[in-house]
Amino acid sequence: MSYNIAMVSDFFFPQPGGVESHIYQVSSKLIDRGHKVVIITHSYGDRTGVRYLANGIKVYYVPFWVVYRESALPTVFSFFPIFRQIVLRERIDIVHGHGSLSAFCQEGLLHARTMGLKTCFTDHSLFGFADAASILTNKLLKFTLSDVDHVICVSHTCKENTVLRAALDPFTVSAIPNALVSKDFRPAENPPPTSTITIVVISRLFYNKGCDLLVATIPRICAQHENVRFIIGGSGPKAIDLEQMIEKNVLQDRVEMLGPIRHEDVRNVMIRGHIYLHASLTEAFGTVIVEAASCGLYVVCTQVGGIPEVLPSEMTVFAKPEEDDLVAATSKAISAIKSGTIRPELFHDQIRQMYSWTDVAERTEKVYDGIMRLRSSRLIDRLKRYYGCGVWAGKLFVLCAVIDYLIMIFLEFWWPRRNIDVARDWPRKKVVRQVSSSPTDVEGAEERNGWVSDLQDQG
Amino acid sequence: MALSLSSPDSPAASGFDRTQRLSNSNPKPAPLSNGIKVPDAPHNGAINHPNGSAKHPPSALLEIPVVQPNGLSSSGRAPNRSPKDKHDITLPTIRTEGPSPTTAFSYSGRGTIKEARSRRRKPWRKLMWVKQNYPDNYTDATFLESLQRNVNFRAYDFWPLVYDTTVIIQHLATVVVFVCAFIAISKERLEPVYVAGTSTVLTIIGWLIWDEWNEEEQKLITKAQEAMRRMSESGSSGEGGDGISDETEDLQDPSCPVQIKLADDSTEPASKDPEATPMTRSASLSPKKPVPTIRRSQTGGLHPSVSSSELNPRKTRMNGGFGHPLVRSHTAPALSALSVNSMRPPSPPPPPSRTNRRLSTLKSALLIYSTLLGLSPILKSLTHTTTSDSIWALSSWLFLVNLLCFDYGLSEGEADGAKKGAEAGFQLPHGGMGPAGLGNSFRKKLPTSLSTTTALAASVVLASRLTKTGDVFSILLFSIQLFGLFPLFRRRLRYLSSVSHVALTTMLILFAGTCLHFVLNWHWALMWFGLVLGGGGGAAWVLMGMQRYKNEIRGPWDPARPVFSRRQWMD
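Protein chains in written order, with full-length UniProt numbering: chain Y, 1 to 459; chain C, 1 to 571.
Check each hint, because a few of them may be wrong.
Restricting the straight-line Cα-Cα distance to at most 30 Å, the calculated cross-link-like pairs of lysine-lysine (DSS-like) are [as the list claims (entries may be wrong)]:
{"no.": "1", "chain 1": "C", "residue 1": "187", "chain 2": "Y", "residue 2": "332"}
{"no.": "2", "chain 1": "C", "residue 1": "187", "chain 2": "C", "residue 2": "380"}
{"no.": "3", "chain 1": "Y", "residue 1": "320", "chain 2": "C", "residue 2": "122"}
{"no.": "4", "chain 1": "C", "residue 1": "131", "chain 2": "Y", "residue 2": "183"}
Partner residues aside, some chain C positions facing chain Y, computed with beta carbon under 8 Å [to be verified]:
{"no.": "5", "residue": "139"}
{"no.": "6", "residue": "144"}
{"no.": "7", "residue": "207"}
{"no.": "8", "residue": "216"}
{"no.": "9", "residue": "358"}
{"no.": "10", "residue": "557"}
{"no.": "11", "residue": "558"}
{"no.": "12", "residue": "559"}
{"no.": "13", "residue": "562"}
One-sided excerpt, in silico: chain C residues whose CB lies under 7 Å from chain Y [to be verified]:
{"no.": "14", "residue": "128"}
{"no.": "15", "residue": "129"}
{"no.": "16", "residue": "136"}
{"no.": "17", "residue": "556"}
{"no.": "18", "residue": "560"}
{"no.": "19", "residue": "564"}
To be clear, the hints were calculated from the coordinates, so they are not data collected in a lab.
All figures in this text were calculated on a predicted structure; none of them were measured in a lab.
We treat Cβ as the ideally placed atom computed from N, Cα and C, and that holds for glycine.
Take the sequences, apply the hints, and build the full model.
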């Protein structure tokens with residue numbers, strides 16, 4: 001059975017980022033598995049209308065107002081007419097939203113429920129509970145998610161967070177990791193010599209990426225170890241702090257700032273180094289450390305958020321988000337590299353077996369299978385669920401849902417279904433719909449299980 | 001198609017349960033204490049579902065909670081793991097929905113439920129990189145284990161809370177007293193001279209007390225510093241101790257004739273030191289200022305190497321002074337010149353001598369007095385063309401702003417200062433204009449200027465309603481004393497003695513009530529006392545009651561707070 005899936009999010013190509021590549025990769029792999037995927041996002045500059053990406057992914061760039069950091073203006077209902085058009089044209093079964101800060105996603109999920117479609121939501125980030133912005137987002141999330149069929153989170157910590165934020169039943173939340181295209185992150189053919197240890201940092205230079213910790217630790221590491229170089233990639237408001245740190249400590253010849261790096265160049269930067277240093281203060285999954293390990297780098301990272309779940313301990317040195325601890329952990333990593341007790345060049349194969357988009361798509365498909373088996377609920381049931389969201393918010397949410405329903409009735413009258421053309425599908429791939437059909441997969445699974453059990457025995 | 005969410009009652013139930021389970025899963029959140037973990041095992045289990053706790057039958061609906069994979073791990077982990085009981089909470093709520101959503105999922109790739117159960121399974125681990133033989137929506141007993149609630153919880157006590165409200169009530173009372181005075185004067189029920197006279201007398205008394213505090217504080221500081229110096233000098237000679245005792249004696253005795261030992265500076269070998277010269281100059285700039293004796297200089301003469309470095313801060317303090325806000329302007333130039341030349345860490349400049357301080361205070365008081373006197377006729381007709389209604393409204397708003405912006409800070413500046421003092425090695429009881437070289441905390445201790453300004457503006461517009469110049473003058477003088485000086489006094493009193501603070505508060509409350517009673521009528525007085533009771537006791541009581549509902553959630557998803565070692569701030 002194959003589904004017609006609409007991925008809805010504010011964040012998509014041409015903007016780079018984790019959510020964006022996740023949507024693209026999962027969509028691509030789902031198409032490989034015989035589904036039809038369209039992506040609905042807002043227009044980026046003059047990129048408006050319908051575009052096709054590789055593998056027959058159809059992207060609708062809907063003209064919409066953008067308010068902040070590529071998030072659409074949250075209007076509760078104004079997206080409905082065009083959303084309905086797209087959904088009907090493409091005969092969508094499942095609407096899959098991405099990113100809790102995406103107004104598009106939240107609206108899309110609401111309208112999809114109103115139209116009686118199945119919905120799924122993937123959360124990519126962690127949120128606190130204390131500040132005003134988080135409280136508002138969490139309330140909104142509660143609204144949309146109280147009626148979503150299933151939620152996917154990228155790590156177990158993210159799952160705990162989402163369950164708390166949206167007051168969900170934990171059994172309707174699955175933890176499915178991100179992945180990486182492992183052939184894009186091969187280790188260097190000729191690893192750099194270990195006479196000079198190079199430490200790579202690639203992240204957006206924001207406060208929550210731990211740039212203050214970097215500013216504090218880099219001079220100390222440079223002072224402690226003679227032959228250590230740093231390569232820092234990425235841009236952001238904290239770049240100026242790092243530059244000041246370099247000038248103040250006269251580290252121009254030891255710390256190299258590369259500025260913004262395109263995603264396809266990340267590997268080229270990474271293979272110049274031996275150690276990847278990740279000082280982030282909060283992280284739902286931390287794809288970049290997986291990429292670094294896949295490139296054959298020994299990873300030093302802070303133990304925050306979902307990071308401890310992501311990599312096995314033999315590939316990483318964990319540190320508390322403290323200056324002293326981070327320095328100690330980095331020194332440990334440096335001496336480990338120098339003494340040759342670890343073999344980072346072997347990481348790649350292990351990572352390849354741990355994470356792949358095919359696996360992610362397969363697991364996502366299982367979620368789809370599950371939610372397609374659910375019967376769609378009646379309006380009154382939905383309203384009851386919304387009503388339970390809070391004393392005041394509940395009533396407001398019910399009001400929104402009712403208005404949305406009325407809008408749908410009006411649209412059905414004003415622009416009936418029969419007058420909407422059905423779009424022709426991209427030729428679907430023929431896939432033998434058995435999970436273990438392709439021989440490589442079976443092999444992979446076998447290998448993987450064996451390997452995992454080995455590791456567990458060791459641990 | 002087994003379907004859970006479609007059964008008619010379930011959504012509401014689930015909706016409610018969802019919220020309840022998380023927001024107040026514990027109907028009596030009273031036993032919150034530091035770092036309690038959410039799933040408070042016996043309570044939650046017992047309260048939420050008396051029938052379902054701890055023995056979930058191996059229900060067909062959920063494989064998950066039942067699974068504690070192998071007996072070993074379950075027995076090993078269960079006792080100390082309260083979140084296991086989390087499932088006692090979640091399970092029944094799910095059961096009410098009928099078949100759980102999970103039944104619909106087969107997860108065949110990972111092994112069906114039956115398969116999983118029959119096989120001996122490894123315990124689930126919270127890791128993403130391991131492919132585990134569990135469905136993706138598996139929820140382990142460890143779920144939300146690292147959740148923490150109300151980490152920084154601090155239970156309030158009633159009386160301390162009430163005590164904290166006294167600051168607000170005091171300020172309210174001063175505003176009430178002022179408005180009463182205005183009404184009485186404008187209705188000509190009270191001679192303005194009495195108002196101004198009484199308040200002036202009280203202010204002078206207050207100032208004398210203030211002056212006494214300053215003096216005591218000065219002594220304490222000097223002693224502390226001497227003690228410090230003795231510690232640092234210990235070993236050099238026993239002589240230092242003598243010098244110190246001499247000096248403290250001198251300072252302790254206010255009647256001690258003051259001598260200017262400027263000559264010492266020039267005769268000493270240390271005076272050739274470039275650092276010493278600005279000192280002499282600045283001292284000569286203010287020759288009228290009597291400077292307390294420096295016996296130390298003799299000691300310095302004996303140990304020239306010590307003297308030059310040690311005398312400077314002392315001398316610096318002679319001239320610069322923070323003894324009184326009004327003195328600052330006189331001493332500022334000398335201070336700055338010194339601080340530039342003598343590259344010393346900011347050492348506490350001593351206040352000018354007592355007489356000097358008193359004189360300058362008197363001078364500024366006279367200045368304000370005469371300015372007011374001169375301005376009164378102008379202010380009288382300031383808002384002549386404005387209707388009284390507008391003035392009432394305007395002054396109400398201004399007083400409201402004053403009340404809102406007033407710095408009710410509960411001993412923050414003092415605490416800071418005390419901390420700094422403790423770090424420096426001695427404890428300073430400086431509440432008011434203590435020197436201690438803490439320019440910042442000094443500034444912090446002035447009430448915020450906005451509230452003072454609005455209060456004065458309100459009194460100016462009110463005063464402009466009055467008809468006689470004398471009335472205007474009296475009410476303005478009263479307002480300056482009440483809103484400009486009295487807060488300083490109150491703040492310092494609160495710092496120094498809580499008993500007298502409470503006494504002052506009580507007196508103010510009673511006085512304000514009496515004023516209302518005589519100027520207006522007893523209704524107003526009753527309302528005032530009601531307000532005091534409600535604002536003090538009532539508000540504290542409500543706050544304590546609301547504390548039960550505090551539910552702060554912390555967990556690994558919160559952004560970590562980076563910890564830096566001190567070194568960074570040193571350089």
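Comparing the hints with the structure gives:
Only pairs whose Cα atoms come within 30 Å are accepted, and residue 187 of chain C paired with residue 332 of chain Y is rejected, the gap being roughly 83 Å. For the hint linking residue 187 of chain C to residue 380 of chain C, the alpha-carbon distance of about 16 Å falls within 30 Å, and the restraint holds. Between residue 320 of chain Y and residue 122 of chain C the alpha-carbon distance is near 29 Å, which keeps this suggested pair within the 30 Å criterion. Proposed proximity of residue 131 of chain C and residue 183 of chain Y is supported: the alpha carbons are some 20 Å apart, at most 30 Å.
With its C-beta approaching chain Y no nearer than about 4 Å, residue 139 of chain C sits inside the 8 Å limit, and its interface hint holds. Using the Cβ-Cβ criterion of 8 Å, the hint placing residue 144 of chain C at the interface with chain Y is satisfied: the shortest such distance is roughly 5 Å. Checking residue 207 of chain C against chain Y by beta carbon gives a least distance of about 46 Å; that is not within 8 Å, so the hint is violated. Contact between residue 216 of chain C and chain Y, as hinted, is not supported at the beta carbon level, the nearest pair being about 44 Å apart and thus beyond 8 Å.
Because the beta carbon of residue 358 of chain C sits about 50 Å from the nearest beta carbon in chain Y, more than 8 Å, this interface hint is broken. For residue 557 of chain C, the interface hint holds, since its Cβ comes within 8 Å of a Cβ in chain Y; the closest pair sits about 4 Å apart. Hint on residue 558 of chain C holds. Least Cβ distance to chain Y is approximately 5 Å, under the 8 Å limit. Satisfaction of the interface hint for residue 559 of chain C is found here, the shortest Cβ-Cβ separation to chain Y being roughly 4 Å, below the 8 Å cut-off.
Given the 8 Å rule on beta carbons, the hint for residue 562 of chain C holds: about 5 Å separates it from the nearest Cβ of chain Y. For residue 128 of chain C, the interface hint holds, since its Cβ comes within 7 Å of a Cβ in chain Y; the closest pair sits about 4 Å apart. Checking residue 129 of chain C against chain Y: minimum C-beta separation of about 5 Å stays under 7 Å; hint holds. With 7 Å as the threshold, the beta carbon of residue 136 of chain C comes within range of chain Y, its nearest partner Cβ sitting at about 4 Å, so the hint holds.
For the restraint placing residue 556 of chain C at the interface with chain Y, the shortest Cβ-Cβ distance is roughly 5 Å, inside the 7 Å limit, so the hint holds. Look at residue 560 of chain C: its Cβ gets to within about 4 Å of chain Y, closer than 7 Å, so that hint holds up. For residue 564 of chain C, the interface hint holds, the least distance from its beta-carbon to any beta-carbon of chain Y being 5 Å, beneath 7 Å.
Hint check: violations occur at hints 1, 7, 8 and 9; the rest are consistent with the structure.
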